[in-house]
Amino acid sequence: MTESKTVEELFNEYQSKIRAYIFSRIKNTHDAEDLFSQVFLKITENIRYYDPSKASYGTWIYTITQNTVRDFYRKSQHNTDVELSEELPLPDLNADVEGALLTKESLRVLAEALNKLPERERDIIILRFYHGLGAKEVAQRVGVSYANVRYLQSIAIKKLHTLLPFSV
Amino acid sequence: MEKLLSLLFDYQRFEGDELLQKCIEATQERRVFQGVPLSDDMLELNAAGDPVVRRKREESEFPQKPND
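First to last, the sequence lines map onto chains A and B.
Note that the first sequence ends on residue 168 in the numbering used here; no numbers are left out.
Note that the second sequence ends on residue 68 in the numbering used here; no numbers are left out.
Don't read these hints as lab results, they were simulated from the structure.
Just so you know, even glycine gets a beta-carbon here, dropped at the ideal spot from N, CA and C.
Certain hints may be false.
[Stated by the list, open to error] Reference listing, derived: stretches of chain B covered by chain A, where coverage requires no fewer than 3 residues with Cβ under 8 Å from a Cβ of chain A:
1) 11–18
2) 22–32
[To be verified] Far from chain B, some chain A residues (derived; all Cβ distances over 10 Å):
3) 10
4) 12
5) 25
6) 27
7) 29
8) 32
9) 36
10) 43
11) 46
12) 53
13) 112
14) 123
Could you put the whole structure together from the sequences, leaning on the hints where they help?
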C-alpha cells in the first residue's frame with residue numbers, strides 16, 4: 001500500500017523535477033515560475049482526490065505538470081509576447097494505458113535499447129522524438145537526405161520494437 | 001511506437017534518468033551544439049540496415065581506377 005504524503009513532502013521530493021520539466025518547455029523565466037506555482041496550487045487543491053491505485057505520485061504530478069504546460073501553450077497560441085523554449089509537441093497521455101509505463105525503469109530500458117542502435121539511428125530517434133525536429137531538419141543535422149532520415153528512422157523503430165519489452 | 005517514444009522522452013524531462021540523459025547529451029554534442037554532420041557520401045547501409053563505414057578517399061588529383 002502506498003504511503004500518503006503531505007503537500008510539503010511532495011514539494012520537497014518533486015520540486016526540482018517539476019522545475020526541470022517546465023524550464024525545458026518554457027523559455028521565459030517569469031512564465032516558468034508562474035507555472036511552477038500553478039502546479040503546486042493544483043497539487044494542493046487536488047491531493048484529496050489522488051488515487052494510489054491508479055498512478056504513482058510521480059506519474060500523477062508529471063501529468064498535472066504536463067497539463068499545466070499544455071494549457072499555457074494553448075493560451076499562448078495567439079499571444080506573440082510569450083516565448084516558448086522550443087516548439088515541442090506535447091504527447092497526449094492516456095493515463096490508463098501509458099501511465100503505467102512512465103517509470104524510471106522504463107527510461108532505463110529505453111536508454112539501454114538506444115545504446116544498442118548504431119549511433120546515427122540513435123541520433124535520429126533522439127532528434128525526432130526528444131527534440132521534436134522534423135525530418136527535414138534532422139536531415140540537415142545528420143547530413144543525410146530527407147529520404148534516408150525516414151528510412152533510418154523506420155529501421156530504428158523496428159529494432160526498438162524488438163528491444164523494448166513494452167512496445168505498444 | 002512513435003507515440004510511446006514521444007511520451008517517454010517527455011517524461012525524461014521530468015524524471016531525468018541518468019543513462020538516457022547521457023544518450024541525449026551525446027546526440028546534442030554531435031548534432032546540435034557542435035554539429036558533426038555525416039555526408040550522404042558516407043551513407044551506405046548493409047542488408048540489415050546498419051551503416052557501413054567507408055574508408056576515407058585518398059586525396060588525389062586523378063580519379064581512382066576501379067579494382068579489377
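Against the structure, the hints come out as follows:
no.: 1; hint: 11–18; in the structure: holds (count 7)
no.: 2; hint: 22–32; in the structure: holds (count 7)
no.: 3; hint: 10; in the structure: holds (14 Å)
no.: 4; hint: 12; in the structure: holds (16 Å)
no.: 5; hint: 25; in the structure: violated (7 Å)
no.: 6; hint: 27; in the structure: holds (14 Å)
no.: 7; hint: 29; in the structure: holds (17 Å)
no.: 8; hint: 32; in the structure: holds (13 Å)
no.: 9; hint: 36; in the structure: holds (13 Å)
no.: 10; hint: 43; in the structure: holds (14 Å)
no.: 11; hint: 46; in the structure: holds (18 Å)
no.: 12; hint: 53; in the structure: holds (20 Å)
no.: 13; hint: 112; in the structure: violated (7 Å)
no.: 14; hint: 123; in the structure: violated (5 Å)
Figure legend: structure checked against the earlier numbered hints; hints not met, in rising order: 5, 13 and 14.
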